[in-house]
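Given the coordinates of chain A, assemble chains B, C, D, E and F onto it according to the supplied hints.
There are 6 protein chains.
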Amino acid sequence: MKYGARNRTRATVKSIRKGDIMSLVKFTVSDPHEMASVLTSESVSDLDLKAGEQVELIIKAIHVLPVKD
Amino acid sequence: MKYGARNRTRATVKSIRKGDIMSLVKFTVSDPHEMASVLTSESVSDLDLKAGEQVELIIKAIHVLPVKD
Amino acid sequence: MKYGARNRTRATVKSIRKGDIMSLVKFTVSDPHEMASVLTSESVSDLDLKAGEQVELIIKAIHVLPVKD
Amino acid sequence: MKYGARNRTRATVKSIRKGDIMSLVKFTVSDPHEMASVLTSESVSDLDLKAGEQVELIIKAIHVLPVKD
Amino acid sequence: MKYGARNRTRATVKSIRKGDIMSLVKFTVSDPHEMASVLTSESVSDLDLKAGEQVELIIKAIHVLPVKD
Amino acid sequence: MKYGARNRTRATVKSIRKGDIMSLVKFTVSDPHEMASVLTSESVSDLDLKAGEQVELIIKAIHVLPVKD
Numbered sequence: 001m002k003y004g005a006r007n008r009t010r011a012t013v014k015s016i017r018k019g020d021i022m023s024l025v026k027f028t029v030s031d032p033h034e035m036a037s038v039l040t041s042e043s044v045s046d047l048d049l050k051a052g053e054q055v056e057l058i059i060k061a062i063h064v065l066p067v068k069d
Numbered sequence: 001m002k003y004g005a006r007n008r009t010r011a012t013v014k015s016i017r018k019g020d021i022m023s024l025v026k027f028t029v030s031d032p033h034e035m036a037s038v039l040t041s042e043s044v045s046d047l048d049l050k051a052g053e054q055v056e057l058i059i060k061a062i063h064v065l066p067v068k069d
Numbered sequence: 001m002k003y004g005a006r007n008r009t010r011a012t013v014k015s016i017r018k019g020d021i022m023s024l025v026k027f028t029v030s031d032p033h034e035m036a037s038v039l040t041s042e043s044v045s046d047l048d049l050k051a052g053e054q055v056e057l058i059i060k061a062i063h064v065l066p067v068k069d
Numbered sequence: 001m002k003y004g005a006r007n008r009t010r011a012t013v014k015s016i017r018k019g020d021i022m023s024l025v026k027f028t029v030s031d032p033h034e035m036a037s038v039l040t041s042e043s044v045s046d047l048d049l050k051a052g053e054q055v056e057l058i059i060k061a062i063h064v065l066p067v068k069d
Numbered sequence: 001m002k003y004g005a006r007n008r009t010r011a012t013v014k015s016i017r018k019g020d021i022m023s024l025v026k027f028t029v030s031d032p033h034e035m036a037s038v039l040t041s042e043s044v045s046d047l048d049l050k051a052g053e054q055v056e057l058i059i060k061a062i063h064v065l066p067v068k069d
Numbered sequence: 001m002k003y004g005a006r007n008r009t010r011a012t013v014k015s016i017r018k019g020d021i022m023s024l025v026k027f028t029v030s031d032p033h034e035m036a037s038v039l040t041s042e043s044v045s046d047l048d049l050k051a052g053e054q055v056e057l058i059i060k061a062i063h064v065l066p067v068k069d
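Quick mapping for you: the protein sequence lines, in order, are chains A, B, C, D, E and F. In case it helps, the working numbering puts the first sequence at residues 1 to 69. In case it helps, the working numbering puts the second sequence at residues 1 to 69. In case it helps, the working numbering puts the third sequence at residues 1 to 69. In case it helps, the working numbering puts the fourth sequence at residues 1 to 69. In case it helps, the working numbering puts the fifth sequence at residues 1 to 69. In case it helps, the working numbering puts the sixth sequence at residues 1 to 69.
Just chain A, same shape as in the assembly:
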């Protein structure tokens, strides 16, 4: 698959906190680095995510904010 986004990373599902409408999923990118995604709980069910599974994380470059001291 090819995505219209500059950032993609292989990641492993670390934990899933499923709320009523929105869920928070945490990923291990390369130990000990961790990333988080918020998505609808429906999407979490459709993806059928389980801790330890491999996924890919896609982030459009427009959503990356650089900060400098």
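Any copy, or any two copies together, can satisfy a pair, since identical chains are not distinguished.
In silico BS3-like links for lysine-lysine, alpha-carbon gap of 30 Å or less:
#, residue 1, residue 2
1, 18, 68
2, 68, 50
3, 68, 26
4, 18, 50
Hints are computed from structural coordinates only; laboratory data are not their basis. Since we're looking at a predicted model, the values are computed, not measured.
Quick look at chains B, C, D, E and F alone, frame taken from chain A:
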């Protein structure tokens, strides 16, 4: 500084392509991993980014899209 | 593929206006409906988009703004 | 009204799942196509959305992600 | 009009820098405060924005990032 | 600190409604103007936000939608 965002990463500026309105900046996160940010060229000037500089990349968790085979 | 997003649509590339940093791609969803995407020109090159091609458009539900008279 | 966004669609409210902070609203765009929006539950109250009502869905082109096999 | 977004502000167009694909528009919110929007140059043409005009700026709450020292 | 974003505003925390996964925080910008942010409840805890505190609100220009009558 504390940010209202789940994802933050130390990164090094790798390259800057400055357009008229928007610019594309690439970062080395941990070699050989790379991330990209699109921001206004005005922001690039204000940040005064130069290749090799250290910045922090902030991404709200809502902008991370998990994909699964 | 399964995406952590509520909205996905089959679409046909209608036109591509490639700028230096950002590009504007238009899609026919179901005639005469049209959708537009802005992405980096690098992503357009990587996707190797051509008018008439089939793609899928993914939109996270958080980015859909309802408006009512 | 004129919007600074490339995508706008007439849509009908299909269902509303209202959570404490965030809500998930589903729309019929043109049967059987469906779209979803996540917004604050406060916004859902202010819009006073009811199943069967007509709204317009606005999406900035920057939030549309093309994917290709 | 009612919007599915928590933030809306009356604003006056201060300047428009129109690029090939994307444009940068600056607004005076309440002097001397200023806000900026990036949108497609097509949207700027459709809105027919001119310096001094009144518009409304809509921002979904999910896109507001709080930062604390 | 310098941010890769065009919009930043000093603001005062007015109220916090903390949900299971997502929270809604309201700010006074300059009385009686108010802004709202949705972020993960984890981020609210990390920021340790309290009503009356000073924060800065960062918004990328790409997320500002101009609307005109």
